[in-house]
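K.L.:
Listed below, chain by chain, are the residues.
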Amino acid sequence: GQQVQQSPASLVLQEGENAELQCNFSSTATRLQWFYQHPGGRLVSLFYNPSGTKHTGRLTSTTVTNERRSSLHISSSQTTDSGTYFCAIVGGSNYKLTFGKGTLLTVTP
Amino acid sequence: GGIITQTPKFLIGQEGQKLTLKCQQNFNHDTMYWYRQDSGKGLRLIYYSITENDLQKGDLSEGYDASREKKSSFSLTVTSAQKNEMAVFLCASSIRQNSDYTFGSGTRLLVI
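As you go down the protein sequences, you meet chains D and S in turn.
Counting along the first sequence from 1, when you hit position 61 you're at 64 in the numbering used here, and nothing is skipped either side.
Counting along the second sequence from 1, when you hit position 85 you're at 80 in the numbering used here, and nothing is skipped either side.
Just so you know, the hints here were simulated from the structure itself, not pulled from any lab data.
None of these values were measured; they are calculated from a predicted model.
Heads up, the beta-carbon is just placed ideally off N, CA and C, and yes, glycines get one too.
Some clues are possibly wrong.
[What the hints assert, rightly or not] Going by beta-carbon spacing under 7 Å, a handful of chain S positions derived as facing chain D:
| id | residue |
| --- | --- |
| 1 | Gly37 |
| 2 | Leu38 |
| 3 | Leu40 |
| 4 | Asp95 |
| 5 | Phe98 |
| 6 | Ser100 |
Next comes chain D alone, as it looks inside the complex:
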């Protein structure tokens, strides 16, 4: 089946530093989403980005479809960015969203 690998598994930054989260997947993605989960909270969709680059605020998502990878860049990190970031894909004719195991980000003051 489809596989989604995220790296790093966890990351600790000081406030103000930039973060780069990676997502690699085993099959061509017809859809790719990045989600954020606050500790103990619901998942919030950050980007719906099957290809190309998208920006919102301090976040940038870049997906290179034919290389089967996507990245999430967080600039000037803040303590409120702490939480788990998930990458998820839908591949081929399969309608199921397959999730990676997430990257746990901790931003310290």
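Based on the hints, put chain S in the right spot on chain D.
P.N.:
Structure of chain S alone, referenced to chain D:
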């Protein structure tokens, strides 16, 4: 804006018990999903439903039943709770199968 509500927020059950989790959305979304989240394992799809009265098995459907009796609600039943089981069950909805998801805040299950 709409909202997706999961009840209960916390559920403590006993081994062997049948437990039902509920999910309601008022987005008028066609497709609804149930995922299970275990620590360190990401999210795994249990069941999904493309429309009212439709049910599709996910990767983790064994040990679960689901029901989509109306468009706005999707229920999940743990048919026989396993001792020491601890997980978060997340419900989601989307306009159609290949569009953006909205998640509920989850039901946290503990089986004693």
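K.L.:
So, for every hint listed, does it hold in this structure?
P.N.:
Hint check:
1. Given the 7 Å rule on beta carbons, the hint for glycine 37 of chain S holds: about 4 Å separates it from the nearest Cβ of chain D.
2. Because the beta carbon of leucine 38 of chain S sits about 4 Å from the nearest beta carbon in chain D, less than 7 Å, this interface hint is met.
3. Proximity of leucine 40 of chain S to chain D holds as hinted, the smallest CB-CB distance being about 5 Å (cut-off 7 Å).
4. For aspartate 95 of chain S, the shortest C-beta to C-beta distance to chain D is roughly 5 Å, which falls under 7 Å, so the interface hint holds.
5. Interface hint status for phenylalanine 98 of chain S: upheld, as the beta-carbon distance to the closest one in chain D is roughly 4 Å, under 7 Å.
6. Of the supplied interface hints, the one on serine 100 of chain S holds, with its beta-carbon coming within about 4 Å of a beta-carbon of chain D, less than 7 Å.
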